[in-house]
Amino acid sequence: MATFKDFRNNVKPNWCPGCGDFSIQAAIQRAAANTGLEPEQLAVISGIGCSGRISGYIQAYGLHGIHGRALPIAQGVKLANRELTVIASGGDGDGFAIGMGHTVHAIRRNLDITYIVMDNQIYGLTKGQTSPRSSEGFKTKSTPEGSIETTLSPLEIALSAGATFIAQSFSSDIKQLTALIEAGLNHKGFSLINVFSPCVTFNKVNTYDWFKEHIVNLNEFPDYDPSNRIGAMTKIMETGGLLTGLIYQDKNRRPYEDMITGFRPEGLANQEIALSREHFDQLMAEFK
Amino acid sequence: MISQLSWKIGGQQGEGVESTDRIFSTALNRLGYYLYGYRHFSSRIKGGHTNNKIRISTEPLRAISDDLDILVAFDQESIDLNAPELRPGGVIVADAKFNPTIPEGLDARLFAVPITAMAEELGTSLMKNMVASGASWGLLGLPLDVFNKAVEEEFGRKGAVVVEKNVEAVKRGAEYVLEQAGGPIDAFRLDEADGQQKLFMIGNEAIGLGCIAAGCRLMAAYPITPASEIMEYLIKHLPKVGGTVVQTEDEIAAVTMAIGANYAGVRSMTASAGPGLSLMVEAIGLAGMTETPLVIVNTQRGGPSTGLPTKQEQSDLNAMIYGTHGEIPKVVIAPASIEDCFYDTIEAFNIAEAYQVPVILMTDLQLSLGKQSCEILDYDKIIIDRGKLVREHEPLEAGQLFKRYALTEDGVSPRSIPGDLHGLHHVTGVEHDEQGRPSESALNRKQMMDKRLGKLEGLRIREAVRSDAPHEHADLLIIDMSSLGGTIDEARIRLDQDGIKTNHATIRQIHPFPSEQLEPLLHRADRVLVVENNATAQLADQIKLHAGHADKIRSLLKYDGNPFLPVDVYHACKELN
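Top to bottom, those sequences are chains A and B. Per this note's numbering, the first sequence starts with residue 1, numbered consecutively. Per this note's numbering, the second sequence starts with residue 1, numbered consecutively.
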C-alpha cells in the first residue's frame, strides 16, 4: 500500500519560501495515502496561478490546464473514468474570478470530485493584484486606492448553489486540513475545500498571524450540526466566513455519475467501444 | 413524365410546416426518391414566416432548385413571398380559410383547399399538416398506401384511432385537390423511383451517428444553432452504449470537459457554431500543446458576432485555421456530402488520436440542417484507429515519469492514460520536456515545437480533394467546399450544354492544405472560379497561398444568408468565359 512518500516527486516547487501552498501539497499527499489510494488511481487537475503548479508536485497523474478551467477538465476526467479519484485544485483567482461560472455549475452538477482552493486573497503569479477574495479597501497594484468591490464569499455561494460538501481550513493547521481533504475524498459527490494559504510576498494584511487571530474552528461549537443547511449559512455569516472545519455535508444526495441513465460502474475508458453490426443497423433504421 | 420537381411549404413558424414536410418526405423516401431539403427559418420559436423546400428526384441531386413546382401555403404571406419562385404552370395549394389570392399576372394554378376546416372536422386543427401533405401527394398521383404506412409509423404509438383519423385527413386532402384539378397533374408525374432503400437525414444526425460508430462516448456541449441537433441525437443514443452527454454552462466548459475526457482515454467531442468556436479557442491551444486528441464540430452559420444565426455562411475558415495564439498542429476537415458527414466524423476521431491533435470538423448550415437522402452507410468501413494509445507499460525508474512526450521519428509519442500502472506522467500547457515537466530550455523548446508541428506532415484524409475532372484541359475549374458541390454540378450540366468545358474540385481537407492534390487541377484550367459563402474569399486565399496560380483565380461570393442556386453559379461562369 502506498504511503505519503509515494505521492512525492523530486520536483522543487517554485513557490516562495513560507508560502501556504507547501502545506496544502503535503496534506493532499497524506490524505491520498490515508484513503488507501495508489498514485496511478489519482488524477490532480489544476488551473493557472502559483497554486496551479501543484499538479506537477504530486506523484500521480496530473494535468495543468488553462486559467479557470480546472473544474470542467476534472469533470471530463471523472466522466471518462469514474474509477479514478479526481482532485481539482487552483487559486482563488482561478476558481472564484475567471472560473467562477464553472465553480457554481460543478457544485450543482455534483460529480464525485474534490476541489481544493488555495485561497491567498491576491494574485501572486502576476505579482500582486486584487482578487475577488481581497478585502474591501485592500491596496494592491491594481487597486492603489484600495479595492472598492465587495469581497466574495465562496462558502455562501457554494451553499446556495447546492453544494453537498463544504469545508474550510488554514494551511498552518495541517492536521485539520489533512482530515478535511480525506473527508472530501471519501464524500460521494462534489466537495469544496477552501484553504487559507497566506501569500508571504504580496499579501501583507492576511498573514499567518492575522489568520491565527481571526479564524474560529468549528470545534469550538460542540453543538454545530454540519447537516443543517440553515445553520451552516448562519454560522458562515456570523463569522464573516472566517471559520474552519466541516461546514456542511449532505450525505444523501447521490453524485451525478450515479444518476446518469445507463452509466456503468466500470470507467468508460475501460469499456469496449466498437459497435456491433446489429446495433448499427438499428441506428440506421431510424432514418429509413 | 419528369425526373425531378420541387415542392415547398410555407407558413408561420410553429404551425405545422415542419411536420408536414417530415411526413410528406418520409413517404417519398420510402418510394426510393432522392430528396434534398432546405429550411428557411428565423431565430424565433413561434411566428414569423418559415418555409421548407424539397427537391424530389429519381437521380441524386444535391442542390436547391432555381424554381418551384408546387407551393403549399398556410397563409397569404407564404404565397406573396414564395409565388415569384414558381415556374410557369406551377401550382399553389392554399388553405381556403384565408381566401387566398395569387399575384396578378402569375402563370400558376391555385387550389384553395379547406385545409383547416377539414382538419377541424376530424377533431383538431393540428391535423392540417396531414390534409396538406395528402393534397400534395394527390397532385403527384402517388399511391396512398405508402403514405398511409408512414402515417401509421408516425402515429402508431398514439393508438389506432389517431392513426385512422390521420389516414382519413390525408385521404380527404388528396381527394379534394384531385377533384378540383381533375386528377393528378401530368406535369408533375414523376418517373418511378429506383425503390432502393435510402436513409433520409440531416448532416447533424449523420455526424451524431458517426460519433457513436467512432466510439465517442462523451459529448459536452452548449446549445447553439445550427449545432444542437448533434447534441440532441447523442442524448438519445449515447446512453445505449454506456456514454452520456453533458450540457455545460458554456462552450469553454464544453471543450475543456471534452479535453479532460480525451486525456483520460475516452473519445469525446463537442459541437458548436461561430460564437462557441470563438470561446473555445484558448482550449484548442491547450489540446494542441498537450497533444491531447480532440474533435470539435463547427457548424458554420452567418457571422460575425451573432450575425445571421439561422442562415447559410462559410466564413469561419480563417478562425478555424488560424484562431489560437502561438503555433499548434491542427486539422480542419470539411465533409462535402451527407455520407461524408458520417465517414469523416469517424476519420476525425482517428486522426485526433493517431496524431494527438485537435481536429475541427466543419460543416455549414445547409449541410448540417438540410434533410437529404443518404446512401446506406457501410458498417465495414467503420475503422477505429487509436494510434499510439498503450495500456501496458514497463515499470518506471525511481523518481521518473512515463515519457508521454518522448521524441520519436514521426513526432507522435506513446500515450498512457490515468489509471494505467507505470504510466504516470504530467501534462501541462507550459512548455515541457519528454516527461511533461515544465522546461524553459532553449534546446528542449525547439525540439518540442518541431515535434508537435511536424506531426501532420503528409497527413491526407480520404479524398482530401474530391475532383470530377473529365477534361484534360478545362475552360474553367470550379472549386468549392462543404455543401456547395451539388449546386455547382447542376450548373456544370448547363455549362456543358453551352459548350463550356468545366472541371470541379471540392476541398475536403482545409488544413493542412492539400496543395499537391489541387495544383495539377489548377494547372489544367484556363480560369478558376472559387465559390464560397463569405465576403472575403477565405478559401480562395488558402488556394492562392498554398497552391499558387493566383492570376487565374476569381471568386464567386455570396454572403446574404442564402445558399447559392445553380443559376448563380451558371451566370458567374458564363461571365468569366
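If you're looking for bench data, these hints aren't it; they were derived computationally from the structure. Cβ atoms here follow ideal geometry from the backbone N, Cα and C, with glycine treated the same way. Any given hint could turn out to be false.
Residues from chain B that keep clear of chain A, each with C-beta distances beyond 10 Å, as calculated [to be verified]:
#1 Ser19
#2 Val146
#3 Ile212
#4 Glu249
#5 Asp250
#6 Gly399
#7 Asp420
#8 Gly423
#9 Gly429
#10 Arg437
#11 Arg445
#12 Arg527
#13 Asn562
Simulated crosslink set (DSS-like; lysine-lysine; CA at most 27 Å straight-line) [unchecked claim]:
#14 B:Lys149 to B:Lys236
#15 B:Lys171 to B:Lys240
#16 A:Lys288 to B:Lys158
#17 B:Lys240 to A:Lys188
#18 A:Lys204 to A:Lys188
#19 B:Lys97 to A:Lys5
#20 B:Lys403 to B:Lys446
#21 A:Lys127 to A:Lys212
#22 B:Lys403 to A:Lys288
#23 A:Lys12 to B:Lys574
#24 B:Lys240 to B:Lys381
#25 B:Lys171 to A:Lys288
#26 B:Lys236 to B:Lys46
#27 B:Lys158 to B:Lys240
#28 A:Lys288 to B:Lys446
#29 B:Lys158 to B:Lys171
#30 A:Lys288 to B:Lys149
#31 B:Lys446 to A:Lys12
#32 A:Lys288 to B:Lys97
#33 A:Lys288 to B:Lys236
#34 A:Lys288 to A:Lys175
Covered by chain A, per the in silico footprint, the following chain B stretches (three or more residues, Cβ under 8 Å) [to be verified]:
#35 217-226
#36 235-243
#37 255-262
#38 370-382
#39 553-561
Hints versus structure:
no.	hint	verdict
1	Ser19	holds (17 Å)
2	Val146	holds (13 Å)
3	Ile212	violated (6 Å)
4	Glu249	violated (4 Å)
5	Asp250	violated (6 Å)
6	Gly399	violated (5 Å)
7	Asp420	violated (6 Å)
8	Gly423	violated (7 Å)
9	Gly429	violated (6 Å)
10	Arg437	violated (6 Å)
11	Arg445	holds (17 Å)
12	Arg527	holds (40 Å)
13	Asn562	holds (27 Å)
14	B:Lys149 to B:Lys236	holds (25 Å)
15	B:Lys171 to B:Lys240	violated (38 Å)
16	A:Lys288 to B:Lys158	holds (20 Å)
17	B:Lys240 to A:Lys188	holds (25 Å)
18	A:Lys204 to A:Lys188	violated (38 Å)
19	B:Lys97 to A:Lys5	violated (82 Å)
20	B:Lys403 to B:Lys446	holds (17 Å)
21	A:Lys127 to A:Lys212	holds (25 Å)
22	B:Lys403 to A:Lys288	violated (49 Å)
23	A:Lys12 to B:Lys574	violated (70 Å)
24	B:Lys240 to B:Lys381	holds (22 Å)
25	B:Lys171 to A:Lys288	holds (23 Å)
26	B:Lys236 to B:Lys46	holds (25 Å)
27	B:Lys158 to B:Lys240	holds (24 Å)
28	A:Lys288 to B:Lys446	violated (54 Å)
29	B:Lys158 to B:Lys171	holds (19 Å)
30	A:Lys288 to B:Lys149	holds (13 Å)
31	B:Lys446 to A:Lys12	holds (24 Å)
32	A:Lys288 to B:Lys97	violated (35 Å)
33	A:Lys288 to B:Lys236	holds (17 Å)
34	A:Lys288 to A:Lys175	violated (64 Å)
35	217-226	holds (count 3)
36	235-243	holds (count 6)
37	255-262	holds (count 7)
38	370-382	holds (count 5)
39	553-561	violated (count 0)
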